[in-house]
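Chemist: Here the protein sequences line up with chains A and F, keeping their order.
Per our numbering, the first sequence starts with residue 1, numbered consecutively.
Per our numbering, the second sequence starts with residue 1001, numbered consecutively.
These are calculated hints, taken from the structure and not from any lab test.
One or more of the hints may lead you astray.
Which chain F residues face chain A? A few, computed with CB under 8 Å, are given here [claimed, not checked]:
| hint | residue |
| --- | --- |
| 1 | 1045 |
| 2 | 1224 |
| 3 | 1320 |
| 4 | 1321 |
| 5 | 1322 |
| 6 | 1341 |
| 7 | 1342 |
| 8 | 1400 |
| 9 | 1450 |
| 10 | 1451 |
| 11 | 1464 |
| 12 | 1487 |
| 13 | 1550 |
Facing chain F, from chain A, some residues (calculated, C-beta under 7 Å) [as the list claims (entries may be wrong)]:
| hint | residue |
| --- | --- |
| 14 | 335 |
| 15 | 338 |
| 16 | 395 |
| 17 | 492 |
| 18 | 493 |
| 19 | 548 |
None of the values given here were measured: they were computed from a predicted structure.
The C-beta atom is built at its ideal place from N, Cα and C for all residues, glycine as well.
There are 2 protein chains.
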Amino acid sequence: MTKKNRLIYLPLGGAGEIGMNMYLYGFGPKGKERYILVDVGVTFPDMDTTPGVDLIMADPSYIVERADRLEAIIITHAHEDHVGAIGLLYPQLQAPIYCRKFTAAIARNKMEKNGQNPDHVHDVGAWPEQITVGPFTLGFMPIAHSIPEASALVIDTAAGRVIHTGDFKNDPNPIVGEPYNPELVREISKDGVLALICDSTNVFSPSKGRSEADIGPAIREMMVAAKGLVAATTFGSNVARLKTLAQAAADSGRKVVVVGRAMETMIANAFATGVMTDFPPILDVEEAHDVPRNKLLVLATGSQGERRAATAGLARGKYRGLELKSGDTFLFSSKTIPGNEVSVAYILNQLAEKGVNVIDDTSGLYHVSGHANRPDLEEMHRLVNADLVVPMHGQYRHLREHAEIVQAKGDDAVIAPNGTMIELSHGGKHVESVETGRTYLDGKPLIGALDGVVRERLQMAMRGHVLVSLVIEEDGELLDGSWVQTVGLPDNPRVDGGLEGQLEDEIDKVLARAKKKSLASDEGIEALVSRTSNQVCKDIIGKKPVCTVLINRLMVE
Amino acid sequence: MTKKNRLIYLPLGGAGEIGMNMYLYGFGPKGKERYILVDVGVTFPDMDTTPGVDLIMADPSYIVERADRLEAIIITHAHEDHVGAIGLLYPQLQAPIYCRKFTAAIARNKMEKNGQNPDHVHDVGAWPEQITVGPFTLGFMPIAHSIPEASALVIDTAAGRVIHTGDFKNDPNPIVGEPYNPELVREISKDGVLALICDSTNVFSPSKGRSEADIGPAIREMMVAAKGLVAATTFGSNVARLKTLAQAAADSGRKVVVVGRAMETMIANAFATGVMTDFPPILDVEEAHDVPRNKLLVLATGSQGERRAATAGLARGKYRGLELKSGDTFLFSSKTIPGNEVSVAYILNQLAEKGVNVIDDTSGLYHVSGHANRPDLEEMHRLVNADLVVPMHGQYRHLREHAEIVQAKGDDAVIAPNGTMIELSHGGKHVESVETGRTYLDGKPLIGALDGVVRERLQMAMRGHVLVSLVIEEDGELLDGSWVQTVGLPDNPRVDGGLEGQLEDEIDKVLARAKKKSLASDEGIEALVSRTSNQVCKDIIGKKPVCTVLINRLMVE
Chain A
1 MTKKNRLIYL PLGGAGEIGM NMYLYGFGPK GKERYILVDV GVTFPDMDTT
51 PGVDLIMADP SYIVERADRL EAIIITHAHE DHVGAIGLLY PQLQAPIYCR
101 KFTAAIARNK MEKNGQNPDH VHDVGAWPEQ ITVGPFTLGF MPIAHSIPEA
151 SALVIDTAAG RVIHTGDFKN DPNPIVGEPY NPELVREISK DGVLALICDS
201 TNVFSPSKGR SEADIGPAIR EMMVAAKGLV AATTFGSNVA RLKTLAQAAA
251 DSGRKVVVVG RAMETMIANA FATGVMTDFP PILDVEEAHD VPRNKLLVLA
301 TGSQGERRAA TAGLARGKYR GLELKSGDTF LFSSKTIPGN EVSVAYILNQ
351 LAEKGVNVID DTSGLYHVSG HANRPDLEEM HRLVNADLVV PMHGQYRHLR
401 EHAEIVQAKG DDAVIAPNGT MIELSHGGKH VESVETGRTY LDGKPLIGAL
451 DGVVRERLQM AMRGHVLVSL VIEEDGELLD GSWVQTVGLP DNPRVDGGLE
501 GQLEDEIDKV LARAKKKSLA SDEGIEALVS RTSNQVCKDI IGKKPVCTVL
551 INRLMVE
Chain F
1001 MTKKNRLIYL PLGGAGEIGM NMYLYGFGPK GKERYILVDV GVTFPDMDTT
1051 PGVDLIMADP SYIVERADRL EAIIITHAHE DHVGAIGLLY PQLQAPIYCR
1101 KFTAAIARNK MEKNGQNPDH VHDVGAWPEQ ITVGPFTLGF MPIAHSIPEA
1151 SALVIDTAAG RVIHTGDFKN DPNPIVGEPY NPELVREISK DGVLALICDS
1201 TNVFSPSKGR SEADIGPAIR EMMVAAKGLV AATTFGSNVA RLKTLAQAAA
1251 DSGRKVVVVG RAMETMIANA FATGVMTDFP PILDVEEAHD VPRNKLLVLA
1301 TGSQGERRAA TAGLARGKYR GLELKSGDTF LFSSKTIPGN EVSVAYILNQ
1351 LAEKGVNVID DTSGLYHVSG HANRPDLEEM HRLVNADLVV PMHGQYRHLR
1401 EHAEIVQAKG DDAVIAPNGT MIELSHGGKH VESVETGRTY LDGKPLIGAL
1451 DGVVRERLQM AMRGHVLVSL VIEEDGELLD GSWVQTVGLP DNPRVDGGLE
1501 GQLEDEIDKV LARAKKKSLA SDEGIEALVS RTSNQVCKDI IGKKPVCTVL
1551 INRLMVE
């Protein structure tokens, strides 16, 4: 029985959060499966949980330990949460990378940036082209999304066909890239599909999604009506939106300027890979000064309020010689991702102080989502008509809601959050639970989320830091007194000598009273000093700071 | 000319953010004004800007320096952002506090909690009752809001009448407390109003606001349809909502249990002060076990995802013996305040994992705001028909939008953010700019936002902390080597001795090479060591941590 081939699915990231996608498929006898890894994405740190961290990705340990059986890495599309960690984790994975041309350009860039050989990235054409890696035959089915060349994967093994949607929406006119093609989905699915692994991001949006083409006219109208300069931001990778915005500008007699590297890179890649063939002429930012303000559109990066991006720069003051003024208009042609509300509001207020008219997404006129809403998901379920639906790309509540929609129709769905290995060739049976987690890029090194490093930072931030330096003589006696320095703590002026003075006095007293035995070990001293620090600080400032004791033992020379 | 009386308005907090309200009115000759302070509120800290801080309030320095001329403190209503800092700042303000009965109960509680005499809080009845403090005659005009006894202030001086709305909505049926009474507003305004100082919170909401009474039927229907236990959360101070929820429960055959101190206190105060006279019977939580699950409503605090509150407790597991199960329903009868989205989503996912059906505010069926929307604001402008509208209680963009609505009709409005002193008796002329800021409650002490304490914490959190302890002999020579400890930093295993070992080696080398002169002063040593720490860390881990050097100089005995 154990020699029987099985097809397993194991999400390592992305099924339990929106971000850091990483899905593993395996085929073969138990313990001898050959693998493909779909997407190697990142998610972004925040002060609440990950201060100082640069990027967050799924912990790849499970597949790293089995890397000799990893046949390929597949990237569905070039969003950061799908491709962002490829260069960082490649050294541990070491398998050929396959994706479509535009995605490949971005993936190669990530590889180079991290000192990896970009030649490991291979272009694959759209369906009906297929590649074979180990027991898998794979095809990239074009699907619409908010980035060019997004693809669903058609994964064939001896067990049958699986469709992994990646991120998608049912957009018949996405402006750049291939439209939603229900005929193609039906054709590919017609001989039966074992499982549909399906995007869940917008499952809570009850109305049918709108097309990218729907917002062009409203944006054009807005630009015609606007009296001063118009600036607009969106995700740099949303090449279609950039084109919609630029075209609206051209149609309303405005020249287009692009500020922010992410946008420039994406536009260049879209041309280089042929996914975009026309775009209104882009003016150099230096030439913008010669154009009347009411004849300008400035496209700026930083729609999520990122402090170093062009939007934040324009909100603060001059950015690359451009300056917004009273009567200008700023358009957020984007959705604020949960967690970024405060950063975005900060910018909205700065713009308001300049007298700039801000248009955000409240009206729904100037932005459409890149993900399938509930009715669109149901349409995909119907077209594919798989034996089983497995929701992915969502927080737990998204996965659950998505599964319930399927089950409510009498069909099968399985909730498989990160670490849940299910057998697709056995109706989605839960066969194993695997430990999963997060890996942080922290400056140069990758560190584990549970290494304690970030916990220490959070504790210093919440509680402040008391540093105590002691010099212990050869005979175990404390030399001079203790030396205390506090960092991130108020030095209460109402106490004599301040907080530091009070700490030194009390620590000296406690150490003088202490039995020789408890001074013999560093641990004993640390325990005494920490306890004293807690008591003194709790009393004076109402907090128990982190306490670090540095013990210098004088050596007998 | 300078002897002429003038009426000035100076927001110290609340006009530039939503929260920490504090508005100063002064009347008298320039430099000799007598003052009243309206509201002494707090806002809440976050990890991004204020880790470890307990509460944030407006810096009261301007009025503290003139406290001998402060006639009274007025509290418009009992929300934390209006009353929360009264006990903390009272020692510096020392003026009698006036408010209505329910608000007074909460204010006295705040005073006692902070060791202040609650007898400084005086009850004032609703309009037409008036009190006179210095040159001011004041009345509390009942106004509807999401807490009982919210009041607009009618501020009379020899210069004329000013109406300060506090927070309000135009609700003809607020369930608890006085309804919106346009006749009263018109009557009070009929002889002319110099200025309307007006809530701006919901200025971006384009539709007319709904009444508290509108949501009762939908909540009852939901409770009838729900199969298991129903739990619901809202702000504890929203007594009307608690009553709406409890009444819906009673009407659908459910017993009511309340968990969370904030709610219990508010309900008790509402009864004690007579603002609420009936409420369905409340069951002790211990008795809940004897009631079938589908006959229970649990009212829980913590609608904003607060970790220690009842909602978070119920999402995690058992809370006071109560446990949610698959098939139960959890209702968020509340709005998620920007900045709390991630905490709330965390709870939504925990509830989803338990199989609990979560109903949030997406549908708009189960929550109404406590603030006036744009058309309601316009109605208030019309009723009062003041010479001048001054928007307050909002971020800058709210103030600006609110002023533009008024100006678009050809009327006068002035934007006066925190620190902008305007002369209401002179058409809102900007007469002075005053430095304003924030004060933090940090454990026990109050500290200034610019004291550097919080900046140090943020730096430790973002960059980690390198501690270096040195022992310098009488002759200025370094004794033994340096002793380095890192906190909040990865100890890179790829380098010999780890990060700490590398730091010690390099610091020892640098100090050995250093000229005697640069070792003579602590500053010289610190500069050398910090520079070395930066170089080594940047090289090995790609970061420049905070570096604190503790120098123990051995004394000649």
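Chemist: Are any of the numbered hints broken by this structure? If so, which, sorted upward?
Modeler: Violated hints (numbers, rising): 1, 2, 3, 4, 5, 9, 14 and 18; every other hint is consistent with the structure.
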